[in-house]
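> Here is how the chains run, residue by residue.
There are 2 protein chains.
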Amino acid sequence: MSEKIPYKIYLSENEMPKAWYNLRADMKNKPAPLLNPGTRQPMTAAELGGVFCDELVKQELDNDTPYFEIPTEIRDFYKMYRPSPLVRAYCLEEKLQTPAKIYYKFEGNNTSGSHKLNSAIAQAYYAKRQGLKGVTTETGAGQWGTALSMACSYLGLDCKVYMVKCSYEQKPFRREVMKVYGADVTPSPSETTQVGRKILAEYPGTSGSLGCAISEAVEAATSTEGYRYVLGSVLNQVLLHQSIIGLESKIALDKYGVKPDIIIGCAGGGSNLGGLISPFMGEKLRGEADYRFIAVEPASCPSFTRGEYRYDFCDTGMVCPLAKMYTLGSGFIPSADHAGGLRFHGMSSVLSQLYADGLLEAVSVKQTDVFQAAEDFARVEGILPAPESSHAILAAVNEAMKCKETGEEKTILFGLTGTGYFDLVAYEKFHQGVMKDTVPSDEDIAAALAKLPVI
Amino acid sequence: MSEKIPYKIYLSENEMPKAWYNLRADMKNKPAPLLNPGTRQPMTAAELGGVFCDELVKQELDNDTPYFEIPTEIRDFYKMYRPSPLVRAYCLEEKLQTPAKIYYKFEGNNTSGSHKLNSAIAQAYYAKRQGLKGVTTETGAGQWGTALSMACSYLGLDCKVYMVKCSYEQKPFRREVMKVYGADVTPSPSETTQVGRKILAEYPGTSGSLGCAISEAVEAATSTEGYRYVLGSVLNQVLLHQSIIGLESKIALDKYGVKPDIIIGCAGGGSNLGGLISPFMGEKLRGEADYRFIAVEPASCPSFTRGEYRYDFCDTGMVCPLAKMYTLGSGFIPSADHAGGLRFHGMSSVLSQLYADGLLEAVSVKQTDVFQAAEDFARVEGILPAPESSHAILAAVNEAMKCKETGEEKTILFGLTGTGYFDLVAYEKFHQGVMKDTVPSDEDIAAALAKLPVI
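Sequences listed follow chains A and B, in order.
Position in the first sequence counted from 1, then plus 202, gives you the working numbering.
Position in the second sequence counted from 1, then plus 202, gives you the working numbering.
For the record, the hints were derived by calculation from the structure and aren't laboratory data.
All copies of an identical chain are treated as equivalent in the list; a pair is satisfied when it fits inside any one copy or across any two copies.
Keeping only pairs whose Cα atoms sit at most 25 Å apart, straight-line, the calculated SDA-like set for lysine to any residue is:
{"no.": "1", "residue 1": "Lys-220", "residue 2": "Glu-271"}
{"no.": "2", "residue 1": "Lys-381", "residue 2": "Gln-634"}
{"no.": "3", "residue 1": "Lys-457", "residue 2": "Ile-207"}
{"no.": "4", "residue 1": "Lys-400", "residue 2": "Met-520"}
{"no.": "5", "residue 1": "Lys-281", "residue 2": "Gly-358"}
{"no.": "6", "residue 1": "Lys-330", "residue 2": "Val-582"}
{"no.": "7", "residue 1": "Lys-220", "residue 2": "Leu-487"}
{"no.": "8", "residue 1": "Lys-381", "residue 2": "Asp-639"}
{"no.": "9", "residue 1": "Lys-303", "residue 2": "Tyr-493"}
{"no.": "10", "residue 1": "Lys-631", "residue 2": "Glu-378"}
{"no.": "11", "residue 1": "Lys-281", "residue 2": "Arg-581"}
{"no.": "12", "residue 1": "Lys-486", "residue 2": "Asp-456"}
{"no.": "13", "residue 1": "Lys-457", "residue 2": "Pro-208"}
{"no.": "14", "residue 1": "Lys-281", "residue 2": "Lys-297"}
{"no.": "15", "residue 1": "Lys-606", "residue 2": "Thr-570"}
{"no.": "16", "residue 1": "Lys-281", "residue 2": "Leu-455"}
{"no.": "17", "residue 1": "Lys-281", "residue 2": "Tyr-209"}
{"no.": "18", "residue 1": "Lys-400", "residue 2": "Glu-421"}
{"no.": "19", "residue 1": "Lys-206", "residue 2": "Lys-220"}
{"no.": "20", "residue 1": "Lys-230", "residue 2": "Ala-247"}
{"no.": "21", "residue 1": "Lys-303", "residue 2": "Lys-604"}
Please model the complete structure; the sequences and the hints are all you need to start from.
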């Protein structure tokens, strides 16, 4: 089409997707099933029903249904902050003097500050519909906890958040936003759960970890009447809900006849990357189109690029099901990288299978390079990006610079998952020149992997 | 029209206004001119040219030209974050169970977090076009300083910000965002200016004020080659640039055949309120339509509702021109209210004249009520509002509740100027129940007014 592409492509509310897309339906090699940590057998719906609410169990286990209708109530909630803009990065292209055409899907224009709200409202909605009283979860950087608080507040559902203790103390404002939305926020590890007390006894004064907060949240859910546990990444159901990101992106690009060559997303547990690439990967799996997909992870927590593909626990307390995934070992503790949302030791089983099948590439990047890219981006595109999102910015810029060398006019799409308003301590460290790049040694990773069960 | 109005009305880029509207052109009683603080005669273009760049002087003094074309470069910058959404507050209406129809124009979807960017880019652009090296300004709450930093960074212009010292210390993150954009931020009062040194000698240990920071910024601009001063509110030129808010709102409403009955904005210096109401007030002045306009100010700094309409200084150091406005006296020091952006002692001359002519109403509200309205709003509309913006929310809710009593289906439009991500210390105080409402005594106001020159 000859029509000039606007800076921001907004779909109308009528153009918004009415169903989520389930990528698993088009995968020849399905993701490996979750295993019961006791029996090491695939988790049944009945077993998962003790942890997750019923509709979400169905979504978690369904590898065949390609589309799940989005309930009207969720679509109405989406309309509060969606469709999110697909931005043509004209200013960035100009700055880089690249022939590449760069687009990003911006998910930060809501108070939770990220894409996490897309799945939070879905999980809260099904819990409410089942007549439950509340949900529990963990949060690290705080994006997921904020998103869930917003969703629960909207639906009138109790929300109990276990927040990694060092985040709880370092990010009082994140905590305060959750309180605006009426959530109950507990620093983890805490005395409120058995597993919390055990960890505190073993490691007095520990500042906590995501794996530990997961254990506490699961225990709190399964030991309280009318509660279930919800999780913001890794799970199949989360990728399903997050497919809204990719679906909207594809509709917007199709309107202008644009086909991306390269699709890039940051990857921690995989919620954003999986959501963004879903409909495009579906086309690739069905042989209808071809794309390059790039996962970008921090060099401090490189599960794809340096981990192994095997079964592992999702949590430190080993109360959760085992998942087959690229992992650094559930005992691996990443250094205090500022991209808190990317510090999970494993990776979505769906994305892990795609990576194992060679359908997805991965790169790891250092955080000082990431923050430099973030600042450069903020100055030309006017958005202060989250450190997590900035991993994707850096990789997109690197690809655009390759185009500059070769003269190729490639089209690059990346996911800008959120804003960095609550990450200014990290930006300050970057400005002061005291931010460090840490990369785990081969020995550290080997030691963590050696502790895993052989399955 | 019978078409269902969407949750968010986005204009296309082609529908965006190509000219700002100058409300003064339609005013029968023109706003009073700025006076030279020495001679007490109207400021000439030559005199103003020492402080502001030439094109902005023209805009400041022009009471007759109804439209000013928006340069292409500024329109391109606007496209990075505009058009801003006009939101139909369906969820808020449902919560209030009111027959009123509520709309708000949301200006917070940019990294500066407020509408201030609309004038910042304009002022920076004209400075750049004149070949200047940089601009100076002051900032209180930090929204204006952030906006100007973004605009200057984009254009490659130096930006020197005097930030009220207590804000500089209490809001390190605001400061840090400005540094991301390369601004030079100095806590005020400082040793870098004569007026700063004088104030420090007179009041050692003072935590500063907006009026004092203005004096320093003006001195820095007028004493440095290639610099000019810029200001984010009060001035006629600022209202001109901010008319983009009202123009976009009107185009969006007209598309759906909606005519507001009541238009509400928070008012500090008047930048948002003036911009929002401009095209609607123009219709009223021309006798084409009628609307109720309501200015909402904090009870702690009630310039409209308890001030006098007279000439006063805009700054503490008395180096700036005198403006005729509703004022509490330039020596008035409001209590430490958390709506930092509304703590200016005076009010735009344009709005002051309209208020004096009975074309505009004003109410003052207490901050604890404002924060309650803010939290209620955040829970149903999914946006954490700035304390400033929340003044308008509260007034809109009050009007909607009157409709509930009377059964009237009035249409209410209000300006949601920005987000509260940097105001969580205030939200925390509200949650802890330690936020106080302070209202100045009649004696305090009378004493400050008694010190003004008689003109």
